[in-house]
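Peer 1: Listed below are the residues making up each chain.
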Amino acid sequence: MSAGAAAFSVEPEPQSYAERLRTNVRTGNLGSTPVLVALGLVVLYFGLTADNFFTPLNFSNLIGQMTGTCLLAYGVVFVLLIGEIDLSIGFVSGVGGMIAALLQQPDPLGPGLPGWLCIVIALACTTAIGLFQGSIVALILVPSFVVTLAGLLIWQGVIQLELPGVVTIQDNTINNVYGYFFSDTGGWIIGVAVSAVYVALTLGGAFAGRRHGIAIRDPALLAGRLIVVPAITLLTVSICNKDRGVPFALLLVVVMLLVLTFLAKRTTFGRHVYAVGGNAEAARRAGINVARIRILVFMISGFMAGLGGVVLASRLQSVDLNAGGSTLLIDAIAAAVIGGTSLFGGRGEIRNALIGAALIATIANGMNTKGWENAIIYVVTGGILLLAVTFDTIVRRIQIKAGR
Amino acid sequence: MSDHPLLELRGVSKSFGSVQALTDVDFEVRAGEVMALVGDNGAGKSTLIKCVAGIHGMDDGQLLFDGSPATIHGPKDAAKLGIEIVYQDLALCDNLDVVQNMYLGREERNWFHRLRESPMEAKTSETLRSLAVTTIRSIRQPVATLSGGQRQSVAVARAVMWNSQLVILDEPTAALGVSQTEQVLELVKRLAEQGLAVVLISHNLHDIFEVATRITVLRLGRDIGVYERATTTQEEVVHAITAGIPTKVAGIAGTGNGAPA
Chain A
187 MSAGAAAFSV
197 EPEPQSYAER
207 LRTNVRTGNL
217 GSTPVLVALG
227 LVVLYFGLTA
237 DNFFTPLNFS
247 NLIGQMTGTC
257 LLAYGVVFVL
267 LIGEIDLSIG
277 FVSGVGGMIA
287 ALLQQPDPLG
297 PGLPGWLCIV
307 IALACTTAIG
317 LFQGSIVALI
327 LVPSFVVTLA
337 GLLIWQGVIQ
347 LELPGVVTIQ
357 DNTINNVYGY
367 FFSDTGGWII
377 GVAVSAVYVA
387 LTLGGAFAGR
397 RHGIAIRDPA
407 LLAGRLIVVP
417 AITLLTVSIC
427 NKDRGVPFAL
437 LLVVVMLLVL
447 TFLAKRTTFG
457 RHVYAVGGNA
467 EAARRAGINV
477 ARIRILVFMI
487 SGFMAGLGGV
497 VLASRLQSVD
507 LNAGGSTLLI
517 DAIAAAVIGG
527 TSLFGGRGEI
537 RNALIGAALI
547 ATIANGMNTK
557 GWENAIIYVV
567 TGGILLLAVT
577 FDTIVRRIQI
587 KAGR
Chain B
64 MSDHPLLELR
74 GVSKSFGSVQ
84 ALTDVDFEVR
94 AGEVMALVGD
104 NGAGKSTLIK
114 CVAGIHGMDD
124 GQLLFDGSPA
134 TIHGPKDAAK
144 LGIEIVYQDL
154 ALCDNLDVVQ
164 NMYLGREERN
174 WFHRLRESPM
184 EAKTSETLRS
194 LAVTTIRSIR
204 QPVATLSGGQ
214 RQSVAVARAV
224 MWNSQLVILD
234 EPTAALGVSQ
244 TEQVLELVKR
254 LAEQGLAVVL
264 ISHNLHDIFE
274 VATRITVLRL
284 GRDIGVYERA
294 TTTQEEVVHA
304 ITAGIPTKVA
314 GIAGTGNGAP
324 A
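Just so you know, the sequences run in chain order A and B.
Per the numbering used here: the first sequence = residues 187 to 590.
Per the numbering used here: the second sequence = residues 64 to 324.
Keep in mind the hints are simulated off the structure, nothing from the lab.
Hints may contain errors.
What the hints assert, rightly or not - With a straight-line Cα cutoff of 30 Å, these simulated BS3-like cross-link-like pairs (lysine-lysine) come out:
hint, chain 1, residue 1, chain 2, residue 2
1, B, K186, B, K252
2, A, K451, A, K556
3, B, K139, B, K113
4, B, K139, B, K186
5, A, K451, B, K252
6, B, K143, B, K186
7, B, K139, A, K451
8, A, K451, B, K143
9, B, K113, B, K252
To be verified - Label-pair restraints from in silico Cβ distances:
hint, chain 1, residue 1, chain 2, residue 2, range
10, A, F393, B, R253, 30 to 40 Å
11, B, E171, A, G298, 28 to 38 Å
12, B, D123, A, E348, 51 to 61 Å
13, A, L317, B, H136, 46 to 56 Å
14, B, N173, A, V565, 42 to 52 Å
Claimed, not checked - Per the computed footprint, the stretches of chain A lying under chain B, defined by three or more beta-carbons under 8 Å from a beta-carbon of chain B, are:
hint, stretch
15, 453-467
16, 492-506
Yeah, the Cβ is synthetic: ideal placement off N, Cα and C, and Gly gets one too.
Build the full structure now, drawing on both the sequences and the hints.
Peer 2: Here it is, written out as structure tokens:
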């Protein structure tokens, strides 16, 4: 190569950690660091002040409290990434739970379908709802806020019309989605398997780069991740095993995290999702079918809402007229945003949803443990949400300035 | 230079509702030349380019690419023919990094739709190096953190990376400082020397007289004429832009004084 070689380099800059941190702050590229710090502080606070916080039972409860919100929030991240919003997910999840519950009812109340089939049909229906709402947004260009606000009302109405009061779930498959706990050995196998998959994917990416003469960026950070993530995984397994074992719902949360992260970061679809959120016009000119991406994202949102709805129904072993209501929608959106997903589109990671959901659930759980009222939980969660959105807005302005 | 133009437009008309944006416009560009496209605001430069890009359909007229008629229905059709356009707003995604922007919409992937990052990264750095115009520190930094000149470099590099035959640059120097402008103009010349056909849209006649081979003037949606840089003056081109009368005599002879055909 000619004269330009000196001016340009793909080698990683020999930056110190402090220097890199400064660059990240300057360009507003902090990711989920602040919320991880916040989560650590909250855990520390409740651990020191509440009596029953640091117990395996409470840890297991905490996981149960966050799974539904977290699964919904995964979908929210995708929707936020393209700069849209989905306000219908709360009641769409209720519809998902309702369909599964109605279909499993044995004769004469219902068709008494096998549990797995009920779940599949429920997920297909909520995905179809996403297809319907997404098509209106993407093809007719009605703002997603309005479409999904209408959805919020419609699906709430549908639940109240179709549900004959409380429907109890007797099917074991559906109830096991939340209620199954792996044996100690099973838990360890899962922990090791998840760690192995993580290490393989991470190392695979790094070594594929080396084959093409691209040096590994941030070897220290890479090594740190390869130690910390498996360590947290195995620690989680060991704590769960002190209680009832690793819950199936937790496995679901982790598997969906891996699958959706792969989808978002390693596939052309995911790349196009980020592109549409960053600059839809640029994406269109690059030949990306923007409408198709938008519709698919709303379908993901519907699917994840359905999955969350099945988990929540399984947790109560019943579905009632309140399904999908209460603070579920707000918690799911708050989880994604607090975790560091931008409301302006284009910035965020799937894991943000998990971290945000963990923070919200931990605050609620810790305050319950200390015997505080729900009212205080609302105030605190709302305050954190406000902080997170303010932070996101400031970061965005910094980023725009840094580009000049 | 080949005998026939690489891209030739014959009698292109385009209206938006009651607004006639282009009327019977002829335009051509040959391989290895820089054809400047000039005109005042609203003269129809952007509309003409968007017709070539397939963003607007033509109401009337013919498009010949490499001597044979072609139809372009969208950006992908244009790309297939080897036509690349660098828009004034660059059409970059700020949240994506340099590599991701270079490959936007054309990502290399395996059967599983999994992105093949490493070859994309290697090819990007190779392309940027061969163009020798950039001071970008890392091709994995988001485009939001780049300067205006660096963004322009990325956009131009993206256009030429695809073995393109025709590169259309819309106001590439409008937002740049003196030295950055010089770099981009050098790049424009280099593209033509490598045998590409280059269309340069600009308001800056100084820039145009530095790099262009020929100059097409549009005024009020009509083509005024084509001027050879070597045989014309800035005064003549300015006169054509501001007061030129359309002729249908394509080619060098057009001086802006001819009677309408």
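Peer 1: Are the hints correct? Go through all of them and say.
Peer 2: Right, here's what the structure says about each hint:
no.: 1; hint: B:K186 to B:K252; in the structure: 22 Å, holds
no.: 2; hint: A:K451 to A:K556; in the structure: 40 Å, violated
no.: 3; hint: B:K139 to B:K113; in the structure: 13 Å, holds
no.: 4; hint: B:K139 to B:K186; in the structure: 21 Å, holds
no.: 5; hint: A:K451 to B:K252; in the structure: 38 Å, violated
no.: 6; hint: B:K143 to B:K186; in the structure: 20 Å, holds
no.: 7; hint: B:K139 to A:K451; in the structure: 24 Å, holds
no.: 8; hint: A:K451 to B:K143; in the structure: 27 Å, holds
no.: 9; hint: B:K113 to B:K252; in the structure: 23 Å, holds
no.: 10; hint: A:F393 to B:R253: 30 to 40 Å; in the structure: 36 Å, holds
no.: 11; hint: B:E171 to A:G298: 28 to 38 Å; in the structure: 50 Å, violated
no.: 12; hint: B:D123 to A:E348: 51 to 61 Å; in the structure: 56 Å, holds
no.: 13; hint: A:L317 to B:H136: 46 to 56 Å; in the structure: 26 Å, violated
no.: 14; hint: B:N173 to A:V565: 42 to 52 Å; in the structure: 50 Å, holds
no.: 15; hint: 453-467; in the structure: holds (count 11)
no.: 16; hint: 492-506; in the structure: violated (count 0)
Going down the numbered hints, you'll see the structure goes against 2, 5, 11, 13, 16, while the others check out.
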